[in-house]
Amino acid sequence: MSTILNIQNVCKSYGRIKAADKISFRVEKGNIYGILGPNGSGKTTILNIITAAVHADSGKYSWFENVPVEKAIKKIGSIIESPSFYPYLSGENNLKIIADIKECGYQEINTILKQVGLFERKDDLFRKYSMGMKQRLGIAATLIGNPEVVILDEPTNGLDPQGIADIRNIILKIAKSGRTIILASHLLDEVQKVCSHVSILKSGHIIFSGSVDSMTSSESSVIEIASSDQDKLLREVTAYAEVVSAEKENNLVLVKTKQNCNPEDLNSYLISKGIVLSHLAMRKKSIENQFLELLKTKK
Amino acid sequence: MIRLLKIELRKIIYNRTFWILTALYIVLYILVILGLQSFIGNINVNGTKLFKNLPVYRFPDIWHNITYIGSFFKLIPAFLVVIFITNEYSFNTIKQNITTGLSRNEFVFSKVIFIILYSTMSLLIVTLTGFIFGYSCSKPEDMSKIHEGMIFLLGHYLQLLNYLSLALLISVIIRKAGLTIVLLLAYSYIIEPILTFKLPDKIAYYFPVKLINNLITIPFKKYIVGLSFQTTIPFTDMMVSVVYFAAFIFLTLIVIRKRDL
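Chains A and B supply the protein sequences, listed in that same order.
If you're matching positions, the first sequence starts at 33 in this note's numbering and goes up one per residue.
If you're matching positions, the second sequence starts at 1140 in this note's numbering and goes up one per residue.
Keep in mind the hints are simulated off the structure, nothing from the lab.
The structure displayed is predicted, hence computed values, not measured ones.
Glycine included, C-beta positions come from ideal geometry on N, C-alpha and C.
Among these hints, one or two may not hold up.
To be verified - Computed cross-link-like contacts, DSSO-like style, restricted to lysine-lysine with a CA-CA straight-line distance of at most 30 Å:
#1 1397(B) with 92(A)
#2 1360(B) with 50(A)
#3 1188(B) with 106(A)
#4 154(A) with 1145(B)
#5 1188(B) with 1360(B)
#6 61(A) with 160(A)
To be verified - Example chain B residues on the side facing chain A (calculated, C-beta under 10 Å, incomplete):
#7 1142
#8 1154
#9 1156
#10 1181
#11 1185
#12 1188
#13 1191
#14 1226
#15 1231
#16 1232
#17 1233
#18 1235
#19 1237
#20 1241
#21 1245
To be verified - Short, incomplete list of chain B residues facing chain A, as computed with Cβ under 10 Å:
#22 1146
#23 1150
#24 1155
#25 1234
#26 1238
#27 1243
#28 1247
#29 1399
Starting from the given sequences, assemble the full structure and let the hints guide the process.
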């Protein structure tokens, strides 16, 4: 697998505020890499730095294993912050400017416009576009010149539910075409639905980096159980070797188990102790809880 | 180069402000030239109209006269430069251009191309106006002197390149249209005159706006017997003007390269 982007110890301060503090991560080819964090955590700063819009104070980054930035950037499609275009130009003319900058022809513009559902409105001026259409044009711009990498910054910001669903489908389609995607978002749900890897940012530094799966399953899972005699259940279950802790919550007993203990083992153990369960369910920690927990603990 | 030109032209030709201001620039300029003879002819000195029937439109006087009028109109293209540069900031398209793959140098060069194009267009219009008025008003004996004073056309070109590149520099520093226009005007008509007020003439002469104005000074003095008047543009002045043009662009490059977007 080849490395698309390698960021090492990048720092950037705006006055006293550290917008990026020793940021390091690596994006491999084909990743859908999420950069997740609350507003003001430094997501956009990082994207600005890796697209040459902002100079880092220190640290370095490299694209495509040391391709010079000015050359690399032509192989990257990006919209950072809000989609920015010339309001007095039509959607199509705005894309033609992008195509000229990227030094590629105009022939794919119509296909791309159809792909994002803007073909019928391509001759309308950008300033007449709705928020959703502006975002679509932004995504269309990132696809011009058949880039290897697409960078999207809060692509569903300000959209209605239908618009959000549409944009997500477009993103998934882009991902299927084999491109690497870097997606900044403060919406966990979005990252969980779309991304393969994630870095979580908090006030300028990374507090978690890894695959989305490892994020959801990194900690032990919780099993809910219940039976007619809750006290006995609690006593027996605490004695079980695979159990880390158990506590009562309403009518249920919540059991935290070690990593590789499955509900079947637990159930057969309890039956051997003469307890028949009336309720057994896995409670997988949602990514949202995980995220909030990470934000709380890693000060 | 062609690529930068293509990008810049697309930004311009669909812009209504560009066409309105350009039309205004050309129409107002030609109107003032048309009215020039009768305006000067109507000047009253002690009850007599001294300057009636002067060879204002005849070769070779026409070149100096129309380029002098042209120097007053350089504000309109300067405003266009300010509007187009500050638009890039207010639409945030400068950042989009650069993150898409236009280098910072290329961005500045595309604006320099605009300045050169517009100055060239203006030069063509002034030259054409000069020929039209010259040919239709000159006497047969003037025709031998048609080339005299054509150096003022070069002066007009340098004036524009110079002033527009100053407008470019102030625009990229300030980034807001209104403030840039106020500052450009204030510098040209208030700040520099105050700065140079107490300075010896030799130094004051080479301040940017003063130098731009000195390339073409008032031509009508030649119609008053006994006053000395400008017949040509000193070579050093033209060289200094070119140096200013290069310096303003160089400073613009530095500002754009250093600054975050």
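Results of checking the hints against the structure:
1. For the hint pairing residue 1397(B) with residue 92(A), the CA-to-CA distance comes to about 17 Å; that is within 30 Å, so the pair holds.
2. Annotation: proposed proximity of residue 1360(B) to residue 50(A) is violated, straight-line Cα distance about 64 Å (limit 30 Å).
3. This hinted pair does not check out: residue 1188(B) and residue 106(A) have alpha carbons roughly 68 Å apart, beyond 30 Å.
4. Under the criterion of a C-alpha separation no larger than 30 Å, the hint pairing residue 154(A) with residue 1145(B) is consistent with the structure, at around 20 Å.
5. As the CA atoms of residue 1188(B) and residue 1360(B) are separated by approximately 16 Å, the hinted pair is consistent with the 30 Å bound.
6. The hinted pair formed by residue 61(A) and residue 160(A) fails the criterion: a straight-line CA distance of about 37 Å is larger than 30 Å.
7. For residue 1142(B), the suggested interface contact is upheld, since its CB lies about 6 Å from the closest CB of chain A, less than 10 Å.
8. Interface restraint check: residue 1154(B) against chain A, minimum CB-CB distance 6 Å, threshold 10 Å, status holds.
9. Taken as an interface hint, residue 1156(B) checks out: its beta carbon lies about 8 Å from the nearest beta carbon of chain A, inside 10 Å.
10. With its C-beta approaching chain A no nearer than about 43 Å, residue 1181(B) sits outside the 10 Å limit, and its interface hint is violated.
11. Violation of the interface hint for residue 1185(B) is found here, the shortest Cβ-Cβ separation to chain A being roughly 55 Å, above the 10 Å cut-off.
12. For residue 1188(B), the shortest C-beta to C-beta distance to chain A is roughly 50 Å, which exceeds 10 Å, and the interface hint is violated.
13. This hint is violated: residue 1191(B) has a C-beta 49 Å from the nearest C-beta of chain A, more than the 10 Å allowed.
14. Given hint, residue 1226(B) at the interface with chain A, holds; its Cβ is 8 Å from that chain's nearest Cβ, closer than 10 Å.
15. Contact between residue 1231(B) and chain A, as hinted, is supported at the beta carbon level, the nearest pair being about 4 Å apart and thus within 10 Å.
16. This hint holds: residue 1232(B) has a C-beta 5 Å from the nearest C-beta of chain A, less than the 10 Å allowed.
17. Interface restraint check: residue 1233(B) against chain A, minimum CB-CB distance 9 Å, threshold 10 Å, status holds.
18. The restraint placing residue 1235(B) at the interface with chain A holds, with a minimum CB-CB distance near 4 Å, inside the 10 Å limit.
19. Here the hint on residue 1237(B) is kept, as its CB sits about 6 Å from the closest CB of chain A, short of 10 Å.
20. For residue 1241(B), the interface hint holds, since its Cβ comes within 10 Å of a Cβ in chain A; the closest pair sits about 5 Å apart.
21. For residue 1245(B), the interface hint holds, since its Cβ comes within 10 Å of a Cβ in chain A; the closest pair sits about 9 Å apart.
22. The interface hint given for residue 1146(B) holds, since its Cβ lies 5 Å from the closest Cβ of chain A, which is under the 10 Å cut-off.
23. Hint on residue 1150(B) holds. Least Cβ distance to chain A is approximately 6 Å, under the 10 Å limit.
24. A least Cβ separation of about 7 Å between residue 1155(B) and chain A falls short of the 10 Å threshold, and the interface hint therefore holds.
25. With a least beta-carbon distance of about 5 Å to chain A, the hint placing residue 1234(B) at the interface is held under the 10 Å criterion.
26. Taken as an interface hint, residue 1238(B) checks out: its beta carbon lies about 4 Å from the nearest beta carbon of chain A, inside 10 Å.
27. The interface hint given for residue 1243(B) holds, since its Cβ lies 8 Å from the closest Cβ of chain A, which is under the 10 Å cut-off.
28. Hint on residue 1247(B) is violated. Least Cβ distance to chain A is approximately 14 Å, over the 10 Å limit.
29. At about 4 Å, the closest approach between the beta carbon of residue 1399(B) and any beta carbon in chain A falls short of 10 Å, and the interface hint on this residue holds.
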